[in-house]
Amino acid sequence: MKLLLVEDEALLRHHLATRFAEIGHVVDAVDSAEEALYRAAEYHHDIAIIDLGLPGMDGLDLIRQLRSMDRTFPILILTARGNWQDKVEGLSSGADDYVVKPFQFEELEARVNALVRRSSGFVQAQISTGPLVLDLNRRQATVNGDVVPLTAFEYRILEYLMRHHQQVVAKERLIEQLYPDDDERDPNVIEVLVGRLRRKLEAAGNLRLIETVRGQGYLFTGPCR
Amino acid sequence: MMRSLRSRLVLSAAVFAALVILALVPALQSVFDRTLEEVVQQRLAADASTLIGAASVVDGRLEMPERMPDEEFNLPEAKLLGYVHDAEGRVIWHSRSTAYQELHYLPFYSGNRVEFLRIRDRTGSEYYVYDVEVQLSEHELPLSFVTMLPVSEFAPLQRDFTQRLRLWLGGGLLLLLALLWLALSWSLRSLKGVRRELQEIESGSRDRLSDQHPYELTRLTRSLNGLLDSERLQQTRYRDSLADLAHSLKTPLAVLQTVADNLRGTPDGGEQARVLQDQIERMSQQIDYQLQRASLRRSGLVRHRAALQPVVNRLTAALGKVYRDKTVHLETQIPRGTTLPMEEEALLELLGNLLENAYRLCLSRIRISARALPEGLELVVEDDGAGVPEDQRLRVIGRGERLDTSHPGQGIGLAVVQDIIESYQGRLSLGDSSLGGAAFRVWLPSEVRR
Numbered sequence: 010m011k012l013l014l015v016e017d018e019a020l021l022r023h024h025l026a027t028r029f030a031e032i033g034h035v036v037d038a039v040d041s042a043e044e045a046l047y048r049a050a051e052y053h054h055d056i057a058i059i060d061l062g063l064p065g066m067d068g069l070d071l072i073r074q075l076r077s078m079d080r081t082f083p084i085l086i087l088t089a090r091g092n093w094q095d096k097v098e099g100l101s102s103g104a105d106d107y108v109v110k111p112f113q114f115e116e117l118e119a120r121v122n123a124l125v126r127r128s129s130g131f132v133q134a135q136i137s138t139g140p141l142v143l144d145l146n147r148r149q150a151t152v153n154g155d156v157v158p159l160t161a162f163e164y165r166i167l168e169y170l171m172r173h174h175q176q177v178v179a180k181e182r183l184i185e186q187l188y189p190d191d192d193e194r195d196p197n198v199i200e201v202l203v204g205r206l207r208r209k210l211e212a213a214g215n216l217r218l219i220e221t222v223r224g225q226g227y228l229f230t231g232p233c234r
Numbered sequence: 136m137m138r139s140l141r142s143r144l145v146l147s148a149a150v151f152a153a154l155v156i157l158a159l160v161p162a163l164q165s166v167f168d169r170t171l172e173e174v175v176q177q178r179l180a181a182d183a184s185t186l187i188g189a190a191s192v193v194d195g196r197l198e199m200p201e202r203m204p205d206e207e208f209n210l211p212e213a214k215l216l217g218y219v220h221d222a223e224g225r226v227i228w229h230s231r232s233t234a235y236q237e238l239h240y241l242p243f244y245s246g247n248r249v250e251f252l253r254i255r256d257r258t259g260s261e262y263y264v265y266d267v268e269v270q271l272s273e274h275e276l277p278l279s280f281v282t283m284l285p286v287s288e289f290a291p292l293q294r295d296f297t298q299r300l301r302l303w304l305g306g307g308l309l310l311l312l313a314l315l316w317l318a319l320s321w322s323l324r325s326l327k328g329v330r331r332e333l334q335e336i337e338s339g340s341r342d343r344l345s346d347q348h349p350y351e352l353t354r355l356t357r358s359l360n361g362l363l364d365s366e367r368l369q370q371t372r373y374r375d376s377l378a379d380l381a382h383s384l385k386t387p388l389a390v391l392q393t394v395a396d397n398l399r400g401t402p403d404g405g406e407q408a409r410v411l412q413d414q415i416e417r418m419s420q421q422i423d424y425q426l427q428r429a430s431l432r433r434s435g436l437v438r439h440r441a442a443l444q445p446v447v448n449r450l451t452a453a454l455g456k457v458y459r460d461k462t463v464h465l466e467t468q469i470p471r472g473t474t475l476p477m478e479e480e481a482l483l484e485l486l487g488n489l490l491e492n493a494y495r496l497c498l499s500r501i502r503i504s505a506r507a508l509p510e511g512l513e514l515v516v517e518d519d520g521a522g523v524p525e526d527q528r529l530r531v532i533g534r535g536e537r538l539d540t541s542h543p544g545q546g547i548g549l550a551v552v553q554d555i556i557e558s559y560q561g562r563l564s565l566g567d568s569s570l571g572g573a574a575f576r577v578w579l580p581s582e583v584r585r
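Protein chains in written order, with the numbering used here: chain A, 10 to 234; chain B, 136 to 585.
Please keep in mind that the hints were generated in silico from the structure rather than gathered at the bench.
One thing to keep in mind: the hints can contain errors.
Partial pick of chain B residues on the chain A-facing surface, computed with a CB cut under 10 Å [what the hints assert, rightly or not]: (1) Leu-388; (2) Ile-415; (3) Ser-419; (4) Glu-491.
Between beta-carbon pairs, the in silico distance windows are [as the list claims (entries may be wrong)]: (5) B/Pro-580 <-> A/Asp-70: 22 to 32 Å; (6) A/Arg-194 <-> B/Gly-455: 33 to 43 Å; (7) A/Gln-135 <-> B/Arg-367: 51 to 61 Å; (8) B/Gln-468 <-> A/Ser-77: 29 to 39 Å; (9) A/Gln-135 <-> B/Gly-455: 18 to 28 Å; (10) B/Glu-337 <-> A/Gln-135: 56 to 66 Å; (11) B/Lys-461 <-> A/Gln-135: 17 to 27 Å; (12) B/Arg-367 <-> A/Ala-161: 52 to 62 Å; (13) A/Arg-234 <-> B/Arg-343: 56 to 66 Å; (14) B/Asp-342 <-> A/Arg-234: 50 to 60 Å.
None of these values were measured; they are calculated from a predicted model.
Just so you know, even glycine gets a beta-carbon here, dropped at the ideal spot from N, CA and C.
Take the sequences, apply the hints, and build the full model.
The structure is reproduced here in structure tokens:
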């Protein structure tokens, strides 16, 4: 998934961006609210992690602005003080959860995963349609209990499509899920990856779940739970 | 010492007015007496003139008519007395009414033609005496024509005057005092206005004093406003710098935390990571705890009251969001309009920490209730979680204790709760809930002593 990280402390930002990238997420890491607003307007993020104590425009204002721009992705706030005044203000401004600094990365990751899962309407850490089950924690797909061998990119595309099942997903959105920067964009890669994914699912259980909508993108047809 | 300004002013004004009026009584009385004597003198002079007019000297002897032109000299019961003395002082004529008198008056031939004086008879009765020396013809010795009236004749008049004087002056004094009271009340109303506004400031419903006060008070109200503004500014600055301090201390800790995370991943780093982790947590807890304590100091001028229900609503909305996956059934039993004698921020921290515990540890039910007690208010937060075993309860509400270690850096909650409650002279206790879990009971006094 694509993650917007807003943290002004360079070391922490770098560390978090690296860790999230290591576990297969695309991270938009920025150091100011202004930059974050620009990125949010340009791309489609699945979640934002926002430090409340930003220089210039602070985290609370950033959250309010994002919400007023109709950005509905879940927002997790990082707060230094951890007092209720800040937490309640953050949550009532539009954030969905908070983590108090310092935190262990696993804690943050768990909260991020829970928020994203919840925002796609899934209660469990698994998304399933028929025999196909996607385990969000293990980051693997199984058909009738057998693991489908997927590359990291294939998994990301499958997860994104299943999260947005019954919706047409543009190729550009899928590219954003794979690459952090604009210059690496190549729509052909998506076609290749989706083609491979289709073949693997067919091989595993004769599943034909991904349709091409000409000129618009892809549609995951299976009803997901 | 008398504490009320109004009582002081009224008392001193009353004493002053009473003294002035007491001094007025003898002055007015003496003016009246002098006027009365002048009137008496004029009357006696007129009567003496009547006598003189009626008298004639024939062959060196005084002759008076049988009937005097003034009836009073003819009546035996008349109060007016008339005498004529010769040069030796012998009475050579007297009016009828003098028959019953035993007066001994000797004219004093001083050469002054007229005398007006008071004399006393043997029984002690006083008389006004008017005495005129007259030479009725040449070569004669002067005769003395004397007219008298008893002083007692004028006593009722004097009594009546004194009575009226006292009545009027007394009434005047009362009226003056009433007017004074009204004038003072009117003037002191502006002080009352200041007092009311101060009460509003103390209760938190007003920020500063208005400009609608008399100019004698504006210096005071301006100083107070300055003090209030500077305290508020100080408070804001203080909180801002605490927030900055937290951010600048906790962010490096978060960076250190990442180092610990990285170390944990290396082959021999496990032990070092554990040590680092412990220290980071200790520092973080200390920072949190001290900053919370510092930010919750009570302000001096304003006596706050925070409404309970809105704070509960804000917190449960926020926590409901965080614990959305857990379907929590929330029950609130808060009497309408319940307020607590504390700052809203302190109440937010107090309840936030208790409620977060409840949300985290409950199975599905939480109850928040408040009830008024004779000398305070009890606030209870209950859940249907596992509860706290009796032997661990004292430890749990102690400083920095955590039974549950799944949330690093968040173990100071109950210590902060305890601190807030103590600073508002309240008590915290932990018991069993009828829901099956823990019941945190907070007792707070209805008024916090300064």
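Hint check results:
1. Leu-388: Holds, about 4 Å.
2. Ile-415: holds (6 Å)
3. Ser-419: holds (6 Å)
4. Glu-491: holds (8 Å)
5. B/Pro-580 <-> A/Asp-70: 22 to 32 Å: Since the Cβ atoms of B/Pro-580 and A/Asp-70 sit about 39 Å apart, the hinted range of 22 to 32 Å is violated.
6. A/Arg-194 <-> B/Gly-455: 33 to 43 Å: Holds: the Cβ-Cβ distance is about 40 Å, inside 33 to 43 Å.
7. A/Gln-135 <-> B/Arg-367: 51 to 61 Å: Holds: the Cβ-Cβ distance is about 53 Å, inside 51 to 61 Å.
8. B/Gln-468 <-> A/Ser-77: 29 to 39 Å: Given a distance of about 37 Å, which is inside 29 to 39 Å, the answer is holds.
9. A/Gln-135 <-> B/Gly-455: 18 to 28 Å: holds (25 Å)
10. B/Glu-337 <-> A/Gln-135: 56 to 66 Å: Given about 58 Å between the Cβ atoms, the range holds.
11. B/Lys-461 <-> A/Gln-135: 17 to 27 Å: Distance hint for B/Lys-461, A/Gln-135 holds at roughly 19 Å.
12. B/Arg-367 <-> A/Ala-161: 52 to 62 Å: Given range 52 to 62 Å: holds, Cβ gap about 55 Å.
13. A/Arg-234 <-> B/Arg-343: 56 to 66 Å: holds (60 Å)
14. B/Asp-342 <-> A/Arg-234: 50 to 60 Å: holds (55 Å)
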